[in-house]
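For this one, chain A is given, so just place chains B, C and D on it according to the hints.
There are 4 protein chains.
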Amino acid sequence: MSKLSGIFTPHMVPLHADSSINEDELRRYIDWLIERGVHGLYPNGSTGEFTRFTAEERKRIIKIVCEQANGRVPVLAGAAEANVTETIRACETYAEYGARAVAIVSPFYYKLSSESVYAYFREIALNSPIDVTLYNIPMFASPIDVPTICRLSEFERVIGIKDSSGDMAFMLRMMSAIKPHRPDFVFLTGWDAVLVPMLLMGCDGGTNALSGVAPELTRSLYDLTRAGKVKEAMVLQMRLLELFDTMLYSADFPEGFRAAVQLRGIDLGNSRQPLSQPQQVDLASLSRVLQCTLADFGYVDQPVGGCRLKGGEMNRDQVAHIAQGVIDQLRDKGLL
Amino acid sequence: MSKLSGIFTPHMVPLHADSSINEDELRRYIDWLIERGVHGLYPNGSTGEFTRFTAEERKRIIKIVCEQANGRVPVLAGAAEANVTETIRACETYAEYGARAVAIVSPFYYKLSSESVYAYFREIALNSPIDVTLYNIPMFASPIDVPTICRLSEFERVIGIKDSSGDMAFMLRMMSAIKPHRPDFVFLTGWDAVLVPMLLMGCDGGTNALSGVAPELTRSLYDLTRAGKVKEAMVLQMRLLELFDTMLYSADFPEGFRAAVQLRGIDLGNSRQPLSQPQQVDLASLSRVLQCTLADFGYVDQPVGGCRLKGGEMNRDQVAHIAQGVIDQLRDKGLL
Amino acid sequence: MSKLSGIFTPHMVPLHADSSINEDELRRYIDWLIERGVHGLYPNGSTGEFTRFTAEERKRIIKIVCEQANGRVPVLAGAAEANVTETIRACETYAEYGARAVAIVSPFYYKLSSESVYAYFREIALNSPIDVTLYNIPMFASPIDVPTICRLSEFERVIGIKDSSGDMAFMLRMMSAIKPHRPDFVFLTGWDAVLVPMLLMGCDGGTNALSGVAPELTRSLYDLTRAGKVKEAMVLQMRLLELFDTMLYSADFPEGFRAAVQLRGIDLGNSRQPLSQPQQVDLASLSRVLQCTLADFGYVDQPVGGCRLKGGEMNRDQVAHIAQGVIDQLRDKGLL
Amino acid sequence: MSKLSGIFTPHMVPLHADSSINEDELRRYIDWLIERGVHGLYPNGSTGEFTRFTAEERKRIIKIVCEQANGRVPVLAGAAEANVTETIRACETYAEYGARAVAIVSPFYYKLSSESVYAYFREIALNSPIDVTLYNIPMFASPIDVPTICRLSEFERVIGIKDSSGDMAFMLRMMSAIKPHRPDFVFLTGWDAVLVPMLLMGCDGGTNALSGVAPELTRSLYDLTRAGKVKEAMVLQMRLLELFDTMLYSADFPEGFRAAVQLRGIDLGNSRQPLSQPQQVDLASLSRVLQCTLADFGYVDQPVGGCRLKGGEMNRDQVAHIAQGVIDQLRDKGLL
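Residue numbers (the numbering used here), protein chains in the order written: chain A, 485 to 820; chain B, 485 to 820; chain C, 485 to 820; chain D, 485 to 820.
Same shape as in the complex, but just chain A (with noise of 0.2 Å):
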């Protein structure tokens, strides 16, 4: 089988009113992120909110995605489950479904350590019958460090690496720790912003969930810097940057992402996690801004109104700050 590189999908699961999965919507978005030029898919991952779902979804997300990309690009299928005999039986089931490999974040909740997480990437090293590839997210998961994915690329199974700490000292000593024994070894990274210095300095491609997005972006950016073409594929990576952190840091994590696919004219429908009012006035603040952005490349229409000015928008601090004054004066005036 070949070495999985390029953009691998992480994305997201459109949702009908009741909160139940929407097959036909999924099905369409899957076309559109491969006609869009993706190299691979990556359902149940964390921008797909695998955690959001049950067992029984989690499968049936896998077996929609297989079916649909129908072998136009390779699926990486999310594979944690509660505990690690759950976890072997769907690396067995993805398996059937035709999933080119499964990637596994490290045991979550409890703080685990190295000895903890090896010992259970180990036991599915020895009993997934499918290529497995280690899922490190260290803001969210145990972490994996490096002589412990040293260790267990020492397991055949143990195809590569899926890094999201976005840490490139990390990335460096993984490769100078791995590639010497293992030089099939793949390292993707999941970190957007740091794309393309992380391919220039060896990695084989990502799981970017901007791509789910804006694909064209990320294949120009990753195709650009694998033509050599740094300056171009940087002044792409700077835009891509802007565009990411306000997807990231403008909501709780993957609402602006999900704000973002649905500009796209794919339904999501709403998050499985109840948003409060005010929340739901700031995504609609923040879907305003993503839409001038993504109309910035030419991706979508301005919002009606059109986009104001960069430079002219003021953080909510500044807002609180004018607001206070306000109130002050009217609370000193005695009309508050």
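Treat the hints with caution; some may be incorrect.
A pair holds if it fits inside one copy or across any two, identical chains being indistinguishable in the list.
Calculated cross-link-like contacts (lysine to any residue; reagent style SDA-like; alpha-carbon spacing at most 20 Å) [claimed, not checked]:
| no. | residue 1 | residue 2 |
| --- | --- | --- |
| 1 | Lys487 | Pro613 |
| 2 | Lys543 | Ser704 |
| 3 | Lys663 | Glu726 |
| 4 | Lys713 | Gly686 |
| 5 | Lys595 | Pro627 |
Hints in this document: simulated from the structure, not taken from any laboratory.
These numbers come from a predicted model, not from an experiment.
Just chains B, C and D now, with coordinates in the frame of chain A:
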């Protein structure tokens, strides 16, 4: 219904050799705990490894525990599921099973903002047919801050909080913010290390992992504190602290607690989280230490060979140092 | 010499308009504190902004304070300098000035290992002509862990620890490890938020920033606790907590405390840390809130215009929200 | 004046046996560095242990370095002092000494808000007679965030930033925010582990501790990257990474760097931070490892007895494990 108070045991679940639930032993364990004086049971807590069971298993555990408790003591059922809809369904099921209340941990994996935490619990408060206690454990899940708890205390269904941060100032802040308008609100601490001071400062009780190991001890400590015998309670607190720290910090949570419960004659079986060879050796060594401490309390016999004198222990670093010295010398002499 | 106990005030240093030390006002402040019942003085602590003074100024501060205290209350002198040699020199100087003991913060800026922290304090313990209290404040300096404190308690010169972590379990662990072989060891807490429970659990006293603002309050709380009037002490603790939190979290430390001391009639002057225009506005607003709280205690008059009713406050986020709504409407109508 | 670029060495300061500054050796070290191709000198940085010198010593160090450099390479002088007034005074002095610019770390000990960090640097920007580079090192000092750097870039006096976070995304964010309006702004990285990718992404150079140990290596790496020989540069980066990690993580910073510089024949003397007996043993052992790595590069001879083969090392945990086994067996047989 009477206010929750006293010690609720967040007990572990015995497993068969094939890792399935050992129902007979679970029932025996429940009896054992009730006979030793715990005020209530708290299945599917963090000590109970709720994340390592499937959704079906979690339901089965609550069913068994409610049946076995059979009204002798109240059951506080851990009810967190993959999403708010599933969690509410679990609340409904556990109400039918006869649980006194549910305890719901804040969403985990993703780190949610206060507003999202509020929206999640609000939805539950509006729909649960059974009393809800919030479960704050910031080291594992999204934190529930004081203003959020305060807003949630406006729902009648939310009857209390179980806090495992161990932060005394945080506990005082909650009490200060909530007691004036909700004198019935229940405050439970999940941090055994500070149980006596928490009770003295106004907590109604605790959900304490140690009560699954030494229910007699936790119960004595509780009774002494309630009786105003602070000095005696403090002596126990100090001894408890040592036992608690050993179980907590000598192995990945909750393996130390499993080893200790095992020593009390409850056959918990092996962890679903695989252990490496060195971890198994370490755990055997820890078990010997725990047996000595439990023997000090008179709960078990000393291990064969007796217990080493206090103060004679060496820590891993000291051992490493000595060993390194030996190895270096051997190496310098060309013997290694 | 008698054991250190009671409330030691980590007082601030009044400055002239040109930022030089206002000696007259410092002497007046010392008198003011002693008259209101503090048990000791603690110059050059964190509240006292020791890092913002030059080495010469730090010496001058201790000289003034020792002179002015003149034996009425003991002086615990903050003695941390750039390196171990300079620190020992400061110990010598402060012994000559008549300080009762020194308090030495763990090395900061670099995060040192336990072994380095030990080596640093060991050197001081062997060379200081004056009693030494260790100062643990992990949010600002290298932490001093329990085994390290235990090793250091073997030096007679080390007479106690002042802990500002506020971690009750940590305090109990220290007591458990040290009291058996050093019953004379002094435990002071620097975390006002948990002063009552810390005293109940065996602390000898505290070094509490709040005692520089409201010495009467801290003193009452101390006396009530010592007299076994726990209920009354707790009521004060809860009120103190609110005041403490407001000073601590509404501005960069220790600006909130400076504003509050100022309200008591001590002319502290401006901070050596420059404040931006918005910060000055915020501080003026905070000062009004603090005046209301201090007026509730009867320490000062209400501000002109009176105090708003409790519960009617809006937080910054709420204000921002309202303001954003107004601004959005204006913008939608093209008025902005 | 020309734009700062290239490698600036944050060099250490040689000390006599009595811990006073060894001026002759410092001058020899400066010559040694310049002869080996560093582009500039950066005294009083974190590697240079500025906090462990007195204010007078810090001034003397800059004076010596400026004199000795004597215009051959520019001097970037660390100028952070106890407060803003003292810092500005240091700027004035260093301007007189002939420094090219100063580097000022954000206030430390207290963790300041962005607004305070801004106010501090604003005051300096308005009053310094010499160009200022901001120094961001969030692991030791209050962080300088992107909006704050952006606001500060409006002052002409602020000519650049030296960032030691090693966070590539942060660097890209800064560049994206500042380059459009300040194309002359200088970006330096202090994180040797990612020097090549940082240079590729647009950094002007670095302030790299490793250049004090192996200036030839850092210089080669810089020249190769600038010449577009990315592959060769990457090979060096990977080897550099190993050396850097060994120095950084095997002892408290910057002891590993001191040991390595010592191996190059510069007599740095002992640290002002006392070392315990075990630390001295560990450092001797580290020195042997470093000598082997430096010998691999051809900078020094192998240690007497030669270097062990790669891959044969055991880590401390493995050693502890073996040793524990031996000890346990001896104990079981009653021999211990």
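When no copy is specified for lysine 543 and serine 704, does a C-alpha distance of 20 Å or less occur within a copy, between copies, both, or neither?
-> neither (32 Å within a copy, 49 Å between copies)
Please work out whether the CA atoms of lysine 595 and proline 627 approach to 20 Å or closer within one copy, between two copies, in both situations, or in neither?
-> Both: 8 Å inside a chain and 16 Å across chains, each within 20 Å.
Pop the pair lysine 713 and glycine 686 into one bin, within, between, both or neither, using alpha-carbon distances up to 20 Å.
-> both (15 Å within a copy, 15 Å between copies)
Under a CA distance limit of 20 Å, which applies to lysine 487 and proline 613: within one copy, between copies, both, or neither?
-> The answer is within: 17 Å in one copy meets 20 Å, while 53 Å across copies does not.
Within, between, both or neither: lysine 663, glutamate 726 at alpha-carbon 20 Å | between (33 Å within a copy, 14 Å between copies)
Taken one by one, the earlier hints fail for this structure only at number 2.
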